[in-house]
Amino acid sequence: MSLLSILGVLSSAIFSGTSLLYTTLGEVIGQRSGIVNLGLEGVLLVSASSGFAVTVITGNPFLGLLAAALIGGLTNMILGYLVIHRKANQLASGLALMFFGFGLSALIGKPYVGARINGLPRIPLPGTSGLPQLYTSLFSFDILIHLSIPTAILVWWILFRTRWGLGLRAVGENADTAFASGRDPRLIRYQALFLSGLLAGLGAAHLSIAYTMNWTEYMTAGRGFIAVALVIFSRWHPMRAIVGALVFSGAVAFQLLLQSSGVQVSPFLLDTIPYVLTILVLIAWGGNRRQSAPASLGCVYHGTE
Amino acid sequence: MPNPQNQTPMIALRGVTKRFPMTLANDHIDLDIFGSEIHALLGENGAGKSTLMKILFGFYRADAGEIQLNGKSITIRSPRDAHEYRIGMVFQDLNLIPAFSVAENIALFLPDLKAVLKPQEIDERINEVSKQYGLEVNPRALVSQLSIGEQQKVEILKLLLSNARLLILDEPTRVLAPHEVEALFGVLDNLRKDGYAIVLITHKLKEVLECADRITVLRGGRVAGSLLRAEATEEKLVALMFEKELSGLKIAEPKRDEMSTPVLELRGVETYVEGAGMSLKGINLQIRPGEIVGVAGVSGNGQKELCDVVLGMELCVRGEKYLFGKNLTNRPVGAMRKNGVSFIPENPLAMASVPFMTVLENMALTQTWRYARNGGFAMDWGVVKADIQQTAKRLEFPVNFYTIAKSLSGGNLQRMVILREMTHDPRLIVASYLTRGLDVQSALAARQALIQAREGGAGVLLVSEDLEELFTLSDRLLVLYGGRIVGEFKPPETDIYQVGHLMTGSKVEHVANG
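Residue numbers (my numbering), protein chains in the order written: chain L, 5 to 309; chain G, 90 to 603.
Bound conformation, chain L alone (with noise of 0.2 Å):
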């Protein structure tokens, strides 16, 4: 295997993790205020469907980037005003959400199959100016992959550094006691799901905007979940979210290397590469008692008489 194909399969392993990544670190976020969003696959859905919509309408890149962003924070008061105000069932909440994801990005999405657009304009990595043409469009990144290390060192930031952070950590563990201390868990829980669905929609846009450059049903072939499953492979920490995305993306484009150098195996069975990682690592994980996990994650607030 030559240098450039496992410079490939790193450059590949970046450019289909970085959506990962976004939403991983957006769900970091919710779980920590005490949420699971199971219905992420139907946001990122809407979101990349709706982006890559206005790209094609506006012809403008940011413009359609700030829209999945926006939907995607929108598309998460949904799930919000079911689980806070409705106090309905987490689980039950997501699921629903995602099956209406898949229908109404169907509906949105469909006038621009097959659309072309300009992506998100590439920059080469600093200092990489020097290397030949092959290598240098290998680490060519749009400015979401630029951003998205700085994007988790903030939401670190956010989360362990801020007074809001702290607040919002102390609803998703105990929300009486974020209650007592004077703050609405309501409005915390709320605010976190908006940020959340915010980076999750980034992450959407990455996807039809910058790396695939196109929509079609269904793209994100699951992300949602195993977005889910990363948060849980980090530990609810956002720095540790990096090496989970890099991880898991980077099983797939080893698995696309070996299917395109010919290797023996059924090509279905190398496809399922990346999930049985996934599985492997839950099962690891799921042995060590102290997951970390927010003591009060999935649990409804009641609130008080």
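No lab work stands behind these hints: they were computed from the structure.
Possibly wrong hints are sitting among the right ones.
Unchecked claim - Which chain L residues face chain G? A few, computed with CB under 10 Å, are given here: (1) G171; (2) A174; (3) A184; (4) S296.
Computed from a predicted structure; not experimentally measured.
Ideal Cβ positions, reconstructed from N, Cα and C, are used throughout, including at glycine.
We have chain L already, so just place chain G on it with the hints.
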């Protein structure tokens, strides 16, 4: 000593009323709280003490009534308002977040917390106040690593740093060892001298008489009486707390055969626990028929593991367990139950009942194999009822089969669990914190039930933190510390101080002078 008669109270409650779906928790309550005073709020469980204070803290909202601060009427709609008026409260089951550090827990309640946290600055402020009141604690430690006593310190620090001037403490001594209680009262005394007003919710008379300046007794949601410390005596307070005279425990001299096969025997039992639990090390234990063996210890020293091992919920990695001479090491809970083992856990709502089932359904839960008919496709509810009613008559407990378990008060629910566990003549009863959180009357009933079982020849393993209870009931008393049995006594041969020091792992410093 201030003269409160001539001063405006810091806080005055007037006609505070609160109705919950099932009960009238507070019925037109008037209460005055003064600065530089410890005000004890005394009453049975369900008397409305916690509810009243949670209203003052803004956690609940009153249906009617008025709150005055220094003579001016105020409205408190949420804890945020209460913080504004400098009222702070420590809840009964400590509301610290275990996954957070001490500093994070305290920062959450700082009124002037900056939008961007400065950990260094927060640590310094904590250290400053903790030194001033002898509440030293490491700000960077995780709360999950602290003992209950240390957590209590953090709670008080939290209140002080939140700028509160009125500190409400809900049963702060419930889980503390005797010397920790003394230390707490020392801290409260210093706070009183510095002008803080303190409300102490409790149902322990001795503590009230030890540290309070003013005592208000609640009964059934109303004020039964308010006394200054100088006027109060134990008799007076008991008379205010309870409508009728309490009958004491009736203890008959137990008949015991020292030579009979032990009900339970543990030989060199060891367990292995990952994480926060405490592994048992080399436990040897025998319980004879008709014997109550008390286990003293600060919680978290292996009590839970001991009960779990006996019940078969935890595996022994070494050693053996015999029930009437039969080796039942590492057999499952079901096998233990079928061999006549009963379990009365500390939290009946969480550990011994299904909240949304009726009392009757809960009664059949542990013995479904006994009541199943037609191969399990039907249940003989009539027999369940008959069995339970028979026990209820013997123990003199009232029982209402068609109430939902969740709607019962803690005391009544514990009575239901005791009823169930006393039916079918258990041969070994494991009772863990039998009376924790129970009011005096329910506690008495629970203890009486144990004594009856002993008279019937059952062996009892009684885990408790209430040393008086252990001294009254036990025939033999063990002390657990760090997963080992560090002392074994017959109650008349020892005293609370000796046991208390063994419980906390300190050497015995003074013997039998209390």
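Now for the hints, and whether the structure bears them out:
1. G171: Nearest chain G Cβ about 7 Å off; hint holds.
2. A174: holds, 5 Å
3. A184: holds, 5 Å
4. S296: holds, 7 Å
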